[in-house]
Every structure is written in C-alpha cells, then in structure tokens.
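Using the sequences and the hints given, assemble the complete structure.
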Amino acid sequence: MQCDMLPLVIETQALSKLYGRQRALDGVNLKVAPGAIGLLGPNGAGKSTFMKCLLQLQPISSGSAKLLGREVGSEGREIRKRVGYTPEQDCHIPGMVGCEYVTYCAQLCGLPFRAARQRAHELLDFVGMGQERYRKIDTYSTGMKQRLKLAQAIVHDPEVVFLDEPTNGLDPRGQTQILELVHNLWHAYGITVVVSSHLLNDVDQICEQIIIIARGRVLVHDTLENLKARKRGAAEVVVAERHQELQAACERRHWPCELLPNGHVKVEHQCGSLNPLLNLLHELKLAPLEIIPSPNALEETFVQALEISHAAA
Amino acid sequence: MPLHDTSYKHWNGVHLGLWNRRLVIARNGLTACLRNRWMRHLVVLCWGAALGVTALLFLMGQLLVADSIVVQWVGNFNPGLQTFAHMLTTWLEQHPEISVRTTQNLLFYFFCTYQMRAGIFALGMAIPVLITRDLASNAIIIYSSKAVNRGDYLLGKFATAFGLMVLTWLGPVCAAWFMGNLLAPDWRFFWHSRTVLGHILVYGLSSLSFLSLLAMGVSACASKEKSTAGLWYMWWIVGGVLAPIAEHTQPWLRHLSFNYNLDQIALAVFRLGDDLNTARNNIPVFGDMLRNIRPQTMEALNTPALSGAVASSLLMAGLAALILYKKVKPE
Chain A
1 MQCDMLPLVI ETQALSKLYG RQRALDGVNL KVAPGAIGLL GPNGAGKSTF
51 MKCLLQLQPI SSGSAKLLGR EVGSEGREIR KRVGYTPEQD CHIPGMVGCE
101 YVTYCAQLCG LPFRAARQRA HELLDFVGMG QERYRKIDTY STGMKQRLKL
151 AQAIVHDPEV VFLDEPTNGL DPRGQTQILE LVHNLWHAYG ITVVVSSHLL
201 NDVDQICEQI IIIARGRVLV HDTLENLKAR KRGAAEVVVA ERHQELQAAC
251 ERRHWPCELL PNGHVKVEHQ CGSLNPLLNL LHELKLAPLE IIPSPNALEE
301 TFVQALEISH AAA
Chain B
1001 MPLHDTSYKH WNGVHLGLWN RRLVIARNGL TACLRNRWMR HLVVLCWGAA
1051 LGVTALLFLM GQLLVADSIV VQWVGNFNPG LQTFAHMLTT WLEQHPEISV
1101 RTTQNLLFYF FCTYQMRAGI FALGMAIPVL ITRDLASNAI IIYSSKAVNR
1151 GDYLLGKFAT AFGLMVLTWL GPVCAAWFMG NLLAPDWRFF WHSRTVLGHI
1201 LVYGLSSLSF LSLLAMGVSA CASKEKSTAG LWYMWWIVGG VLAPIAEHTQ
1251 PWLRHLSFNY NLDQIALAVF RLGDDLNTAR NNIPVFGDML RNIRPQTMEA
1301 LNTPALSGAV ASSLLMAGLA ALILYKKVKP E
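Line by line, the protein sequences give chains A and B.
Under our numbering, the first residue of the first sequence carries the number 1, and numbering increases by one thereafter.
Under our numbering, the first residue of the second sequence carries the number 1001, and numbering increases by one thereafter.
Hints are not guaranteed to be accurate.
As a list, the in silico DSS-like pairs of lysine-lysine whose alpha-carbon atoms are at most 25 Å apart [to be verified]:
(1) A/K136 with B/K1224
(2) A/K136 with B/K1226
(3) B/K1224 with B/K1327
(4) A/K66 with A/K31
(5) A/K285 with A/K266
(6) B/K1226 with B/K1329
(7) A/K66 with B/K1329
(8) B/K1329 with A/K145
(9) A/K145 with A/K81
(10) B/K1329 with A/K81
(11) B/K1326 with B/K1226
(12) A/K145 with B/K1326
(13) B/K1009 with A/K81
(14) B/K1329 with A/K31
Not close to chain A: a few residues of chain B, all C-beta gaps over 12 Å, as computed [unchecked claim]:
(15) T1031
(16) V1065
(17) H1086
(18) A1147
(19) F1162
(20) G1171
(21) L1182
(22) P1185
(23) W1191
(24) A1246
(25) N1292
Bear in mind the hints are in silico, worked out from the structure with no lab data behind them.
From a predicted model like this one, the values you see are computed outputs, not experimental measurements.
All C-beta atoms, glycine included, are put in the ideal place defined by N, C-alpha and C.
Next up, the structure:
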C-alpha cells in the first residue's frame, strides 16, 4: 500500500515473534498510515501477538517496530502514553467501581487526579454508561465490560487505540453500538483505530484500511476501497417488489443473477461502475431500496488470501 | 437521552511525571488494603499502643523531676516510696545517658519487635490485594498497556507494602519516640535518645524493605487469595514454632524463619546485651533485679546470629525477587 506521503502510525521491519519453536509473527513488514485499520485473520493468525509486540506486552524476537515514530522497545512508556489498548479478555481490577477504575487508568497514564476523574465521567458518558458506573465492575455484564474497556483505553486521549476483538460476547444491539463508537473515534475525532477481529462484517463497517494476517505473515495490506475495486462487477439490489422482472432483465443482458434468501437480488454486471445497472433499473422504472456494491469483496479477498497462504505452506 | 454533551473531547493538559504514576499505584494499593475493616481496626490498635508507650515515657520523664506530680502521687500511697523516688531521681539526673538512652533503648527494642508482629499480621491481610488479585484478574495487562512498565508496577506495590508497615509499625514507633520526648521535662531528652531513634530507623527501614519484598514474592506465588495469605501466615507461624526447637537440633534451621532472622538483626542493631549490662551495673535497685537473668540468655543477647540472619534474609529476598521476575508478566 502506498503511504509514503503520510505520517506513519505503525512501521515494522522484519518483525518476528517466537514462542519457543512456534513462529507467531514471521518477518512482518508494514507501513501503516493513520486511519481506521482492520486487522483480519483467522484465530491464531498472529493478530493479537502483533498488537502486543507493538505495545511491548510481548518482547520482539527479531526485527524492529516503530509506533507513532518512536522505537518500540526503547521508548515503551512514552509510546504507551499516546496509545490505548483494549485486550480481548476481561482484565479489570477487582473490587473497584467503574468510574474509579477509569479514573485510575487515566492516572496511570499521567493525568492529574481532578482531570482524570473528569475525563473518566466524560468517557463513561461517551461509551453510554449511566449510573452503573458506580457499581463494582465484578457485577457488570459482558456489554458493560466491553464499554468500560473502551473507556479506559481512550480516557487519556490517545492518538492510536488498539482494540482486540471489541465486539466479542456482545448481542447484535451491543455490537452495533460499540462499532458506532469505534467508527466515530477516527471519523469524528481523528483517533487512529486498529481493530483486530475475525468478524469480517465488523471490520467492513468501520475500517478503511485492511491488513490480513495468517500464519504470522501479512497477506494483504490495502484500503477497503481498493479491495472492493478489485472485486468490482457485482452488486446486491434491494427491491420491494418485481424481483422476477429484474432477474429476467438481467438475464437478457447476460448478467448472471440470483435471488438470495434475504430477498436481495445479486447481479454480476461485470462492469467497473454501477452505471449500467442503474440504467437498467431506470429503464424498468424500478426504484431500488438499496444497492450494495461489491457485497462480499472483503470476504472473498480474505478467503482467497488464506487459500494462497495455505497453498504456499 | 442525556441532557449534557456526551461527545468525545480531546485533552491537552500536562502529564504528570513517572514518580507520580508510581505513587498512584502505591496509593491505590493502600486504599484497597484499608477497605478491609479488620485492617483499619489493626491500624487503630497499633496507634493505640503508640499512645500507651508515649504515656509510659511521660511517666518515666516525670521521675526525673524532683517535685513532679507523679512523685507526689506515689507519696500519697507510701511516704517510703516517695523517698525512694527522690533518691532515684537524684541518681537519674546525674546519669542521663543511662536514664534516658538505656531505658528508651530497652523500651523501644521491645516496642519495635512486638509492633513488628502487628506489621507482619497486617501484611498477611494485604497480601491478596498486593499482586495476587492482579494476577487472577489479568490486571497486569492493563498496567502494562499504560504509561508504566513492570518495574514501575512493582515499585508501586512495594511502596504499598512499605506504607502499610509504616502505618502499623514504624509510624507508631517513631511517633511514640517523638511524642514521648516532646512530653519529657527537658529538651535534652531528644539529644540523649538520638541513638535510639537511629536504631529504630536502621532496624525499621531495613526490616520493612525486606518484609515488603518478601510479602510481594509470596503474593505473586499464586493467583488464589487464600493460598497466598495462607502461605504467609503458615510460614510465619511454622517458622516461629520451628526456631526454638531447631536451636537444640539443627541451629541453621532457625534461619528458615524470617521472624527469627529479624529478631537477631534487632538484637544486633539495638545492642540489647550492652544495655542490659549497663543497667545491671549502674541502675540502683533495678539493676540488681537484672542480675537474675540467666547467663545463657545474656550470651544469646550479647552474640546474636547476625551473619546467618543477614545471609538467610538476603537469600529469601533473592527468592522473592526471582518469583516476581518470573510471575509478574503481562502473559
């Protein structure tokens, strides 16, 4: 991916991490510009290890890494002052109430007590926690814990925040709310977000840069837009009625199409843009409710990358 | 819907320094310890003991004043006792280095060593809060992802243990020394008892550092609160029982008890044997009472097993440091 003109957030050179004989990261070379970055990969691919190496939670076996222009390993504290992290697993401090915990986390990053307390309440408001902030964390539901983890990660106003599986264990409503918050962090407030997930839909919704990791190697690093452009030529059309008519019109133009179980019509129009499809709909005087371009681009890229990786192995 | 602005706001303030962050860890640990009701009771008890010692020092000070209320009060009961008190007062005034230094040294030796038990007990209650809980809840990851590293975390926890011991042990002892001398009839009491304060500080600070490190090591041994607290109390009690038995069988076994080691260091620091000899040879009437101490006891007081105690304590501290190094990691 071309990002030479932008200030880099992450820069790694031949970054490797070994757990005994197991190679968790294998010569990772990356140059990542600010933005909403999705770190994709199957379980055990090395996503979490990559994050932990950058945050110095795990020592690097070989190679080098820079975060926000500073050398990981020698400037750990300074880096972490400007970085937030939500781990995958629960890791609160027992016996504390929510607002006390977030205040404490802010103080650990160097905020004075008054500022820390004020920020804690602001951030708990931001993540949508109400009076439950005065309850002990041990009594929180999974959704509350996820919100609290997000609040503690951004309470010190970091420049980059690493989110490891932020929607794990959440119901669909909770997932949507968390993803919306994360989406806003970059798009509204300019905080670079690195989201590690194996849920493609999550990443598809909030990220604009994609890094696919498997077997400790970076398989793909590109913008979501570019990835979708590679897969351009298909779209899902959501119409309220006249599905058969649309299908027949597509077949007349030799565009393979299919009625999906969810009622959408998948059309492979095989063009670089959506204009021919829009023209067809105009001719039919059919008003679509929604058109989803390149609907499975990310999934297809992901599967393709994994297949190549497996074949190479 | 919230009535106030819930949007994200950037923060542009000045970050506090590293020592402040370490202090935050220490203060948080101390607050967590003091949430325990029994711990608060123990702290009150320790400061109560300090008040008792202050009162004792006040009474002893009054003995040095010929017309003090105490001497008059004693005279109300028995005129003979008043005469004796007058005689003692005259002698004590002539020998302040013995009357003040020796008596305070003896008193503070006992106060220090007994108060240490309270400190060890308090540490036992604090052990689950020190590191065990953080290991059990993975909180180490949270610490490590903030602007502190493992060393800062351990330093903060060390300060927690140290602070707790100051609160239950060194604080009350030093306060008793200060208040006792402040209430004394003469400012020279501060001067004559300065070496006693030196002994208290040398013994107190070295023992506090050692015990704090040891408690941290025990706290990091396991992630179950009952296991670590149990291990601490077991070690303390079994060591205490083992030491007198081992004296007649395998003397080196005594050094497995950290309590015994600290007692030996206390004897060496306070030089209790010297003081007892001074008192025995110089203080009228009371000195004669001290002649009844058995020669074996005097021998033990005069020649504490200092080298063994120091070596054993260093070994224990090294072991604790090794446990901390191995166990306190993000993963």
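Quick rundown of the hints versus the structure:
1. A/K136 with B/K1224: holds, 20 Å
2. A/K136 with B/K1226: OK: A/K136 and B/K1226 at ~21 Å, within 25 Å.
3. B/K1224 with B/K1327: holds, 13 Å
4. A/K66 with A/K31: Measuring from Cα to Cα gives roughly 9 Å; hence the hint holds.
5. A/K285 with A/K266: holds, 18 Å
6. B/K1226 with B/K1329: holds, 21 Å
7. A/K66 with B/K1329: holds, 22 Å
8. B/K1329 with A/K145: holds, 23 Å
9. A/K145 with A/K81: Distance ~22 Å between A/K145 and A/K81 Cα, so the pair holds.
10. B/K1329 with A/K81: Judged against 25 Å, a Cα distance of about 19 Å means the pair holds.
11. B/K1326 with B/K1226: holds, 21 Å
12. A/K145 with B/K1326: The hint is violated at about 29 Å.
13. B/K1009 with A/K81: holds, 17 Å
14. B/K1329 with A/K31: violated, 29 Å
15. T1031: Incorrect as stated: the minimum Cβ-Cβ distance to chain A is 9 Å, not above 12 Å.
16. V1065: Holds: least Cβ distance 49 Å, greater than 12 Å.
17. H1086: Holds: least Cβ distance 59 Å, greater than 12 Å.
18. A1147: Incorrect as stated: the minimum Cβ-Cβ distance to chain A is 4 Å, not above 12 Å.
19. F1162: Non-interface label stands for B/F1162: nearest chain A Cβ at 20 Å, farther than 12 Å.
20. G1171: holds, 24 Å
21. L1182: Answer for B/L1182: holds, closest chain A Cβ roughly 34 Å.
22. P1185: holds, 45 Å
23. W1191: holds, 42 Å
24. A1246: Given a closest Cβ separation of 39 Å, the condition holds.
25. N1292: At about 53 Å from chain A, B/N1292 clears the 12 Å cut-off, so the statement holds.
Checked against the numbered hints above, the structure breaks hints 12, 14, 15 and 18 and satisfies the rest.
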